[in-house]
Amino acid sequence: MSAAGEPGGDGQAAGRIRRFQHGSRVPGWDRASDLSKDPAEVPDLATTAVPDELRAQIEAAMARYPDRHSAVIPALTAAQRHHGWCSPEAIDQVAAVMRLTPAYCVSIATFYDMLYTEPVGKHDVYVCTNISCSMLGADALLERLLELTAGDSDFNVRAFECLGACDIGPMASVDGVYVGPLELDDAQLLTEDVKAGRAVLEEKQLARRPVADEEARAS
Amino acid sequence: MPRPEQHMVTLTIDGREVSAPEGTMLVDGAKRGDVEIPVFCYEPKLGQPVGACRMCLVEVEGIPKLQTGCSTPIKDGMVVHTQTQRVREAQQSVVEFLLINHPLDCPVCDKGGECPLQDITFGWGAGRSRFIEPKRHFRKPLELSPTIAIDRERCILCYRCVRFSQEISEDYQLVLHERADHSYVGTFDGHPYVAPFSGNIIELCPVGALTSSTYRFRARPWDIEQAGSVCLLCPAQCNVSFTVRDELVQRVLARDNEEVDDGWLCDKGRFAYQAIHVDERITEPLVRDGDALRPASWERALELATDALNKARGGKAAALAGGQTTNEEAFALQRLMREGLACPDIDSRAGGRLELELERALAAPSLQTTVADLEFAHAVLVLDCEPVDDAPIIDLRIRKGVRRHGTKLAIASSRPSALDAGAHAVLRFAPGAAEAAVRAITAALSGEGDLNGLAAAAGADPESVRATAKLLTDAGSELAIVWGERLASGARAGQAGRALLNLAARLGLSDVEHAGLLELPASSNGRGLREAGFLPTAGPGYSEPGASGRDAPAIAAALADGELSTLYLLHCDPLRTHPDRGLWERALAKAGAVIAHESSLSATVAEHATVVFPAESYAEKEGTVVHPDGRLQRLRSAIARPGEVSSELQVLAELASRLGDIELPTGAPATAELVGAVPFYAGITLEEIGGRGVRWWQRDAAAADALAEAPLGPFELDNPPAAAQLADGELRLGTYRSLWASSEVELSPALAFLGAKQHVELNPDDADRLGLVDGEAVRAVVNGSSVAARVALRAAVPAGTAFLAEGTAADSANALLNGAPRSVRLERAPR
Amino acid sequence: MKLLFKGIDEPGLNTLEVYQRQGGYQALRKALAMQRGEVLHELDLSGLRGRGGAGFQMSKKASFLPKGAMDKYLVCNADESEPGTFKDRELMQKNPHGLIEGMIIAAYVAGVNRSFIFIRGEYELQADILDAAVEEARAAGYLGDAILGSDHDLTMVVHRGAGAYICGEETALLDSLEGKRGNPRLKPPFPANQGLYQGPTLVNNVETLATVPHIVSMGGAEYAKLGTEASTGTKIVSVSGCVQRPGNYEIELGVPAREIICGLAGGPPEGRAIKAWFPGGSSSPVLTADDLDLAYDFETMAKAGSMLGSGSVIVVDDSISIVDVALKTAKFYRHESCGKCTPCREGTNWTVKMLERIDAGDATPMDLELMASVQEQIIGNCLCVLGDSMAMPIGSMVKKFRGEFEAHIEAARAVHV
Ligand SMILES: Cc1cc2nc3c(=O)[nH]c(=O)nc-3n(C[C@H](O)[C@H](O)[C@H](O)COP(=O)(O)O)c2cc1C
Ligand code: SF4
Ligand code: FES
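Residue numbers (our numbering), protein chains in the order written: chain F, 79 to 297; chain L, 250 to 1080; chain D, 954 to 1370.
One should not assume that every hint holds.
[Unchecked claim] Residues from chain L that keep clear of chain F, each with C-beta distances beyond 12 Å, as calculated:
hint: 1; residue: Gly282
hint: 2; residue: Lys314
hint: 3; residue: Asp511
hint: 4; residue: Arg653
hint: 5; residue: Ile888
hint: 6; residue: Gly916
hint: 7; residue: Arg1043
[What the hints assert, rightly or not] Interface residues of chain D toward chain L, partial, derived using beta-carbon atoms under 7 Å:
hint: 8; residue: Cys1291
hint: 9; residue: Gln1330
hint: 10; residue: Leu1336
The hints are simulated quantities; they were obtained by calculation from the structure and are not laboratory data.
We put the beta carbon where it would ideally sit given N, CA and C, even for glycine.
With the sequences and hints as input, model every part of the structure.
What follows is the structure in structure tokens.
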């Protein structure tokens, strides 16, 4: 997000305190209501088409809990899988099946990092840039991956907070598969594997890693 | 759940001994010792405290960490400090944190001067600013809805507005987005926040983040005055405070009365004040000149009216009074009609008469419950009404009981209700079959009678009848039945009313304190008009009238047949509010004279009035009205009457004097005369009614006996008619009246977008069968009358039924209420 | 002494068959043959303290749940999002039945019939493994009605989160599991009285619950012999950052920290020295090389002004700028704050902005005063401890490395001007 050219964000005084920088504009900062729209009440299933498979998944999730509201994350996850992101359409469908307002669903979807209310690339590549990984070079790795995938709608490369795999830092989660420790050059291989639809960096998958505690290994 | 018992405890706050009921939060307890603990997020009306803002931190001896005064219940012997160094530092910290991202645009902020953030910063802040980084930036202001502007930079994320949307009105349209310092308040995908109670968030907001589009930049707190009165836009009669500047109402605020409104207002009450000051307001007398109404002098208007009434003496004139009529006005007009002109045909009900005995029984004190009782009832049965449309604030009270006190809720209605989602039992019956439904529930309760047959007559599922009965049996003894006037109307009104009394008797409602019936009348002061004697079957105080008269449907028929010649309309627009619009059009067209007190050109007056007296708005009126639960409330004029508007009482007195039969008082003497004439009001004064109102049987137990001689049942009843068979391609017709179907809404610029439009609500299966799709234009036809509508598919609408709205400005379904059976045919409109 | 990690790399341990072959579900049989109170007594004797961060004694919490027939819940906290922490991941992935068995016993003790495992959404592999294991356990009669013919019924649902650290906080976790935003609740009421769906709820960490079968097998008194008097038993320590052999190690509580960091994990890379270390995840105030000989247990870490927390050691060596560490730490908490309470939402945000200024050479040493003061204004004033979790380590870094901060400010200013 660049401040240059934005009202008040003069590029001249760059470096000093800039009104719209340091992330001072937060997502949704200019979102107004469209007064021509109707209020978003609980969508009526009579007028909201929900794909059968998705509806079945949501209903199954609802059945697993004493209170249907508990199924909202599983339902949104399922809808995201189906639509690629939690689009307004996806949210409407979840809301209709769960008998919630779409606003309810959106307040949940925007709270959690793994749910997207903006379109994203197809394959999630989360690079941990938290303390341990960053000390081991995660920031450079992220940068490399961003360069490699710039403009490629196949990828959703993003920095992520600690993924719970500091032992393989720097690391990434590729569509949920943890790989690490990664060298800079692994970035290229990683994107190739994803593109080819292969298992990603098989040798570096966490799933194959033995416990570090050698005594435990021996026990 | 019954009301909790109160038990007092004593604690020490800043060295002062304070006693307060156990469980009171420290913040409230402290107030009793005159100690103010600053708060932002705390608002007990919103339910459990959330402890979000951290403004209220105080020191409690024996607890190492500072505690939030808003969420710490007081205990006996507690020792609390609010003035220590630690507490001060914490308060200053919170103020500083709140201000780092607050824009400090107070000079141009609408909240300035009445802003808790300003006050608390002044009182508890450190008075310095150490933050030099860029503030969080949002575009501002933005429209959140046509009536509410949002400034997200000013928002301090106190959660009040979203809690209101989620936990009070339960519309769940307003939520927080994102998290952490990115959190902001908004709706789904840019949809406006439009819900019946949305405006309350403006009053709840402790900063200038949510402001009223209609009030923005209209006044500063030092320019205005507040005038307390009562909203007369629906029967809920919420207590309001008008913000007045230069004799104009600029804003309406809630005037918290726990017995009435709990401090909330619906958006009609909050914004439809605009209709008081629109150009369309009639501010001078009008008289008919051919097709047109032309301004005329008072003298001429009064003369014409006097003439018309003089000619109709001895039974040729009739009068109808509508909901904004005060008790005094109704009382005066019925005297004029009955005593002055010997015309007994007067009515304030739209749907037909009830016998006097039944009027009395349904109003009997022992059978009444109150709004406040709804909150603590063991169970509430909502019967043939839709609170959010009929008396919106009642909807909130029912929700509150369910959410906070575990009240069990049963809904028995034809049309799906906004309360269905929180209900524990839902009973759907065919439109117009409430009588059979009530009989079926009673049969299920008693185990006597033909439950299945009655359920079939009601078009209801016997299982849901049983479930409803079971809920009422199991919940406990404090039961409340909220019922709509429509239940006891129409051809079988008497049977239906008695069926209701039988149900009440079966449930023992008259024997249990806090249990009873609460009727939602169709018009704002419906109950007051009846008590003042504005009924064909009853005189003041439900006395035996000298002669009984025609009810509204009979008046229409008599006008149409030429048996009546003059119609007097006091705040009444029959073409909009009365069933069978076709008949009323004929009646009005045929009438020799129509005299109307009106404030805007309704279809009734525009086309049919001979004389129009410019009527007062509810903000201009003085007098009394009666709340549905029997509370007498006082109207106080907030503004001067505009133009040549004169008070209704003044006009009536003037007419009476010209007619020369009786004398009618105005002002306070009018109240005194009413009180003198209604036995159970005896002794009540305006002072006693005051700002909170009084229920007569609570102030004077003896008066409670006044109606006691009316038999309360049980009654022997004949069988309700069997459900009508539908011809192929026909659907049952159900109608309802939307909250927004009123001229005040249509005239208020801010609310005009809500003005009810005609939809035909259909079950998707019926639509499939009829080959109709959502949004399609159709004509709904009943017995030769038809209205235009758009198809709206609703999964919850029972198959075989179509619902249309009454009271809309155009294409009102009143036109279709023209006899039985009520079945409708939908024809695709030509494209 | 290995308990949790005994045979952890045994191929197929995640299947019921291998788990049972290794003696799995014997502890459950033993527990079900005992009275509930007797099992609780063993837990009490064991002194087991919660492994999720707060270190509260497990048996006490279990005993807080009211008796009586009402819906009660057990929720396993598998949100594991504290930076530096990855122990639960290895346990769930390799020995899911160990956790399930522990949960069944804990539920038995607490009189609970419904249980949930709240696992962070990122742990897809582990969640899949748990799903399969729960299914196996159900099929084998370890879950469901009348477990192994006893009077104990238990359902278990694996619930996946969707990415929010705050959901590790137990009340935020409950809200999230109820389908709400993961905002912490006011306490009291505590979950033991009013938790999930308003019912009494026992919330425990994965490692805590996975330890339960071992306590039942060996007896509480025997377990208590391990570790120190106030920190009994073994603990899995996640070691990461600047060490040669990062990973999970099961140790007996009370061993010197040096033995873990320099012994087991191999110490910092050749030629580097330890500058600072977080003993209990990123929320714990940092310690320095001077503290390496302290015993690694709850009480010693607390005495040293820090905490054992989740038992996750992050090692920072002398090649790393403490300003970077502070900035990463603060950014994490800013991002993860739920935003409900003022001091945390605004304080984390302000702290990041100040650190960014410091980093960019737009600050003076006086700003360190301001920063320390802002941390003081956060501590103790928040709704939950997430705010404190940033303020304490940041405060400790400014205090212990003031010289380095000042030097950084001066150097950055020089470049900038
Ligand atoms: C911000 C925050 C994050 C937390 N994250 C976790 C977590 O990821 N896993 C965990 O077990 N406990 C976490 N906790 C601690 C829990 O609140 C709770 O104390 C713990 O789950 C109780 O289990 P235990 O007694 O077995 O340790 C966290 C606490 C806070 C304040
Ligand atoms: S301390 Fe932070 S995370 Fe905890 S309640 Fe407050 S804002 Fe939320
Ligand atoms: S008023 Fe107590 S935390 Fe907001």
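Subject >> Enumerated hints in conflict with the structure, sorted upward >> reply: Hint 7 contradicted; others consistent.
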